[in-house]
Amino acid sequence: MNKTAVMLTSILATSLAQPAAIAGPEEDRAAFVRYFQSRFPDVEFDEFANGIYAIDADSRRQWLEIEEFPPYEFAIEQGESEWQQTFANGRTFADCFAQPSDSIRAMYPRYEEARGEVVTLEIALNDCRAANDEEPYAYDAEELIDLTAFLAFEARGKAVAVRIPADQPGAIAAYEDGKRFYYSKRGQLNFACSDCHITSVGQRVRADRLGPSLGHTTHFPVYRSKLGGMIGLQQRFLGCIRDVRAKPFELQSTEYRNLEFFLAYMSNGLMINGPGARK
Amino acid sequence: MLSKHDLSSRPRWSALAAGVAIFSLAAASNFANGSPQADIAEGKLLSMERSKGNCLACHMIEDGELPGDLGPPLLAMKVRFPDRKALVEQVCDATVRNSNSRMPPFCRHGILSEEEVELIVDYLYTL
Chain Y
25 MNKTAVMLTS ILATSLAQPA AIAGPEEDRA AFVRYFQSRF PDVEFDEFAN
75 GIYAIDADSR RQWLEIEEFP PYEFAIEQGE SEWQQTFANG RTFADCFAQP
125 SDSIRAMYPR YEEARGEVVT LEIALNDCRA ANDEEPYAYD AEELIDLTAF
175 LAFEARGKAV AVRIPADQPG AIAAYEDGKR FYYSKRGQLN FACSDCHITS
225 VGQRVRADRL GPSLGHTTHF PVYRSKLGGM IGLQQRFLGC IRDVRAKPFE
275 LQSTEYRNLE FFLAYMSNGL MINGPGARK
Chain V
5 MLSKHDLSSR PRWSALAAGV AIFSLAAASN FANGSPQADI AEGKLLSMER
55 SKGNCLACHM IEDGELPGDL GPPLLAMKVR FPDRKALVEQ VCDATVRNSN
105 SRMPPFCRHG ILSEEEVELI VDYLYTL
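Each protein sequence line maps, in turn, to chains Y and V. When the letters of the first sequence are read in order and numbered with the working numbering, they come out as residues 25 to 303. When the letters of the second sequence are read in order and numbered with the working numbering, they come out as residues 5 to 131.
Among the hints, erroneous ones may be present.
Think about it this way: if two alpha-carbon atoms lie no more than 30 Å apart in a straight line, the pair counts; the simulated DSBU-like pairs of lysine-lysine are [unchecked claim]:
1) K303/Y x K271/Y
2) K271/Y x K209/Y
3) K250/Y x K56/V
4) K271/Y x K89/V
5) K209/Y x K56/V
6) K82/V x K303/Y
7) K271/Y x K182/Y
8) K250/Y x K209/Y
9) K56/V x K89/V
10) K250/Y x K271/Y
11) K303/Y x K89/V
12) K303/Y x K250/Y
13) K56/V x K82/V
14) K303/Y x K209/Y
15) K182/Y x K250/Y
Hints listed in this document are in silico derivations from the structure and should not be mistaken for laboratory results.
Let the hints inform the model, and build the full structure from the sequences given.
See the structure below:
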C-alpha cells in the first residue's frame, strides 16, 4: 500500500470508528461499503459475500476446486433430516415458523421488541425445541450447526435484510452495542476487529491474509478444512477473540448477538451463500 | 466426537510459532552498538518467539520466513532510529506515538519487560 492509501485507510477507519452524532445504521453501512469498494475497486459488490476469496486470487483458485466436492454437503443432508424430524408431540420445526424453509435464514438476526433482545437463528431454533418440550441444543452442537447449514443452503440467493426500525430504540441500542464491540481494542494484543478486518484488510499477519468484514456473515456456517468440521459464525468470533488473547464470551451471549446484529446489518443487500468452505 | 468449541478455539497465533530455533546469529561485523553477542542472540530469540515479540507476525525481518506486512520492514534500524530511546519506546509501547496503533503495547500489557525490550533493541540495531 502506498502512503496516500495508508492515510486514506486510517482517515476512513477513524471516521468509521468515531461516527458523527447524526450517523445512523444506514449511513454507517454506506460508509462501510464505500470503504471496501474504494480499497478493492475491481471487486464487484456481490463478490464480498465470498470473504477472503473476493480479494485473494490464490486462495480463490483452491476454493473453487474445493467447491467441486463441497465438504459441507454432509452437513446440509444431516440438517435436512434434522429439520424433518418429528418431535415427541408429533410436531416439527416447520410448525414453529410461518415462513417456508427457504425464507427463514434471512429473517435472522433480528431484534424482537417484545423480548427486548436480538434473536439469532440458533436461538429461534432452540426456542422451537423448548416450545415443543424437547431439550434445546448446546450452541456448538453438531445438530444445531447442521440445521443452520440446511437453512442457509435453502436460502441461497436471498438477500441479507436485517432491519433496524427507527421506532425501536432497543434495536438501535443493540446495534450500537455491537458496533462498539467491533471497534474496541481488546486483549493482551490490543486489537479491535476493525484493526484486522478494516484497517489491515488484504494485509498479512504472518501467512494469514486478512479478509474484509463486508460479507462476514453471509456464508455461515462454514466447513473449516484446518479443523475438519463445521463451525458457526459466533464460534469464529470466539476464535478471533482468543487469538488476541482476550477473554471470550459465551456463544449466544448478548455481546455476540449484538455483534452479529451489527455485522449482518453491514452485509445487507449481499446474497446469502452459506454454508461455506474456508481454510 | 470433537467438540465444536475445540474446533474454533485453536489459536491461529500458534501458527506463528514456527522456526524460533533455526535463526543463526547476526553477522559479527554488524555489532554496531558493541553489545555482547549473547545479548543479541537473546534479543533475536525474544523478537521471534510467538509468546514474546512475535515481530515477524507483522514485520519483514531479514531471514525470517512468512513475514506479515502490517508494519514496515525492520531494516536499516540504526539509520532510521539514531535515537535509541525512540526505538525503545516504539517497541515498549507503540501507542505512545500512535494511540490507535495496531502494534501491541508490549510493556504496558505485560508481554515484554523493559529489560527484554533493551535486548530486542540490541538485536534490531544489527538489522
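- Task: Decide if the proposed pair is consistent with the structure: K303/Y and K250/Y, CA atoms, cutoff 30 Å inclusive.
- Result: holds, 6 Å
- Is K303/Y within 30 Å of K271/Y, Cα to Cα? holds, 24 Å
- Message: For a C-alpha distance cap of 30 Å, please report whether K271/Y and K182/Y respect it.
- Response: violated, 35 Å
- Query: Taken at face value, is the distance from the CA of K89/V to the CA of K56/V at most 30 Å?
  - Reply: Between K56/V and K89/V the Cα gap is close to 20 Å, so the pair holds against 30 Å.
- Task: Could you grab the alpha-carbon distance between K209/Y and K56/V and see if it respects the 30 Å cut-off?
- Result: holds, 19 Å
- Message: For a C-alpha distance cap of 30 Å, please report whether K56/V and K82/V respect it.
- Response: Distance of about 23 Å is within 30 Å: holds.
- For the pair we were handed, K303/Y and K89/V, check the Cα-Cα distance against 30 Å. violated, 42 Å
- Pair hint outcome, K250/Y versus K271/Y [Cα-Cα no greater than 30 Å]: holds, 23 Å
- Message: Check whether the Cα positions of K182/Y and K250/Y lie no farther apart than 30 Å.
- Response: holds, 29 Å
- Query: Can the restraint linking K271/Y and K89/V be considered satisfied, given a maximum Cα separation of 30 Å?
  - Reply: violated, 33 Å
- Item | Proposed proximity, K209/Y with K271/Y (alpha carbon, max 30 Å) | The hint holds at about 12 Å.
- Message: Hinted pair, alpha-carbon criterion (30 Å max): K82/V, K303/Y. Please report holds or violated.
- Response: Violated, at roughly 40 Å.
The earlier numbered hints that this structure contradicts are 4, 6, 7 and 11.
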